[in-house]
Amino acid sequence: MRKKDIPYAILFLVLLAGGCFMLVPFVWMILSSFKSNLEIISSTSIWPQAPSAEGYVTVVRDAPFMRWLMNSLVTSTAITLGTLFTSALAGYIFAKFHFRGKQTIFVVLLGTMMIPFQVVMIPTYLIISKLGLLNSLLALVVPGLVSAFGVFLARQAVESIPYEMIESARMDGSGEFRTFWQIVLPQITSMLSALGIFTFMAAWNNYLWPLIVLNDNEKMTVPLALVFFNSKNTVNYNVSMSAGVLIMIPVFIVFLLFQRHFIKGLTMTGMK
Amino acid sequence: MSKVHTLYRQYRLDRRFILLSLTPILLLFLVFSVVPIVWGIMLGFYQYSALYQESPFIWLDNYKNLFQDEVFTQSFWNTVKFVGFAFPVNIVLTLLIALGINKVRSAIWRNTLRTMFFLPTIAPLSGSAIIWSTMYKNDGGLFNLTLERLGLDAVPWLSDPSMAMWSVVLMTLWADIGFNIVIFMAGLDSIPVQFYEAARLDGASRFVVFWKMTLPLLQRTTLFVTVMTLISYFQMFPQFQVMTNGEPQNSTNVLALNIYTNAFQYNSMGYASAMATVLLLIIMIITLVQIRLGRSKWEY
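Going line by line, the protein sequences match chains Y and H. In case it helps, the working numbering puts the first sequence at residues 1 to 272. In case it helps, the working numbering puts the second sequence at residues 1 to 300.
Check the hints yourself; a few may be wrong.
As the list claims (entries may be wrong) - Capping the alpha-carbon separation at 27 angstroms, the derived lysine-lysine pairs in DSS-like fashion look like this:
#1 Y:K130 with Y:K264
#2 Y:K232 with H:K137
#3 Y:K264 with H:K103
#4 Y:K96 with H:K3
#5 H:K64 with H:K81
#6 Y:K232 with Y:K219
#7 H:K137 with H:K81
#8 H:K3 with H:K103
Just so you know, the hints here were simulated from the structure itself, not pulled from any lab data. Keep in mind it's a predicted model, so treat the numbers as computed, not measured.
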């Protein structure tokens with residue numbers, strides 16, 4: 001071993017130890033999910049002594065668990081598709097067309113990104129309630145259909161498409177919307193997949209807004225469900241750990257499969 | 001003549017396209033973004049509650065009450081304490097980890113380490129908060145079980161007012177350092193290798209290279225990371241509501257939680273809006289100062 005290798009080995013081991021620490025809570029979640037009710041109460045050991053599926057049984061039996069997963073899946077998908085469509089379309093218009101007040105509107109859009117959610121959540125709640133959407137899944141979807149950040153990213157991506165490409169489509173007599181759909185969209189797919197992943201994750205994990213607008217157990221989304229199990233079973237936390245496993249592990253697997261896109265998307269949104 | 005005619009026709013078609021596609025999008029923005037901002041700030045001047053018919057205009061009374069409200073003052077300082085500690089630690093830690101991972105020679109290990117640090121950011125914060133609250137349990141929680149094994153005294157992680165905030169800070173750092181690590185790593189990757197070679201030829205020490213070259217070249221990334229992290233830390237909510245709900249003795253009651261509690265538990269929406277406006281002002285001032293200070297002088 002060369003002398004230079006020793007600091008490198010230390011660096012590597014420190015990073016590895018840190019990386020392992022990051023996984024500890026998940027390992028703890030999985031281990032606790034297999035403890036029985038009795039063992040949770042009197043637990044003096046980290047490892048489950050007599051592995052039991054009581055927690056999982058309670059989750060699936062006592063709660064509309066599949067319903068909650070579906071609620072999250074449907075609303076997050078709708079929000080993502082809506083955001084992608086409106087962002088791409090508005091981004092295209094802001095990048096390639098001229099109209100009165102364009103700059104002003106764009107600056108106002110960017111400005112809304114700085115506003116903390118705490119300021120808008122009360123009026124948005126009142127608007128949603130006036131529209132009669134309280135306690136409905138639409139209350140999650142409708143305000144989430146547009147994103148200032150998305151428009152900003154899309155405008156930047158569309159700006160790099162050469163004018164000639166769009167002009168030549170027009171010359172061929174293609175309608176504006178078809179030009180957008182067939183010429184512009186295929187050029188910005190990598191930006192769209194990045195924005196899509198970002199939007200989906202934010203919608204899937206959103207906690208505060210669903211907490212405000214949803215009341216019925218039937219209507220809950222996944223982040224609320226996790227807290228629901230916790231407040232119902234403060235003592236037997238093996239139940240909430242089981243729910244956590246059932247909700248998080250599939251997402252982790254999807255993440256590991258598409259990891260490259262995730263990371264690329266994140267850095268792309270971060271660097272621009 | 002016909003060219004002018006075609007141009008005019010194109011112009012009309014453009015108008016129609018813009019009008020048809022942009023109107024619904026801008027309408028959504030108006031209703032769910034612009035109107036709420038204006039309304040939210042205005043609500044701060046009213047005694048508004050969803051429970052009452054009357055909502056009188058009370059000018060600055062909400063703000064006057066804020067400064068006499070001990071819970072508000074406490075939540076203000078708790079927010080300062082949380083952000084003031086968690087934010088710098090986050091930036092320094094993520095930059096160091098990103099530098100470290102980028103030094104790892106094998107690409108497979110680089111990716112594996114990055115994945116390990118990034119994984120917690122995929123999980124919903126509310127779920128992570130629940131996992132951590134079971135790890136922090138006084139009896140039978142992971143941390144105290146481990147301390148016990150090592151023959152040390154148990155620590156009242158979430159039940160001691162002088163301790164609870166630090167426990168939430170630790171959990172928050174665990175939950176979201178992955179984002180900044182990934183962004184810093186990409187920023188470091190985009191610095192051309194030639195720069196490092198030139199510095200080495202000049203005989204610059206590692207510390208000088210980092211301080212005089214890497215850090216200035218990383219300015220754009222750093223600006224993005226610091227602005228986004230600060231804005232999000234000022235609004236942190238799930239872990240405070242789930243793990244402690246502001247307890248013990250309001251020691252973890254931050255502005256975001258206080259606003260939620262006032263608006264949706266006590267139904268004092270006007271008062272909560274005044275609080276939210278204070279939060280808005282803090283975030284705006286800090287963001288503008290950051291953008292001023294961090295404006296990049298470098299292009300590469």
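Hint check results:
A C-alpha spacing of about 41 angstroms is found between K130 (chain Y) and K264 (chain Y), which places the hinted pair above 27 angstroms, so the restraint is violated. Straight-line distance between C-alpha atoms of K232 (chain Y) and K137 (chain H) comes to about 17 angstroms, which keeps the hinted pair within the 27 angstroms bound. For a cut-off of 27 angstroms, the pair hint linking K264 (chain Y) to K103 (chain H) stands: about 20 angstroms separates their Cα positions. Between K96 (chain Y) and K3 (chain H) the alpha-carbon distance is near 21 angstroms, which keeps this suggested pair within the 27 angstroms criterion.
For the given pair, K64 (chain H) sits about 23 angstroms from K81 (chain H) by alpha-carbon distance, which is consistent with the 27 angstroms threshold. Between K232 (chain Y) and K219 (chain Y) the alpha-carbon distance is near 17 angstroms, which keeps this suggested pair within the 27 angstroms criterion. Taken as a hint, the K137 (chain H) and K81 (chain H) pair is honoured in the structure, with Cα atoms around 23 angstroms apart against an allowance of 27 angstroms. With a C-alpha separation of about 61 angstroms, the suggested pair K3 (chain H) and K103 (chain H) falls outside the 27 angstroms cut-off, and the hint is violated.
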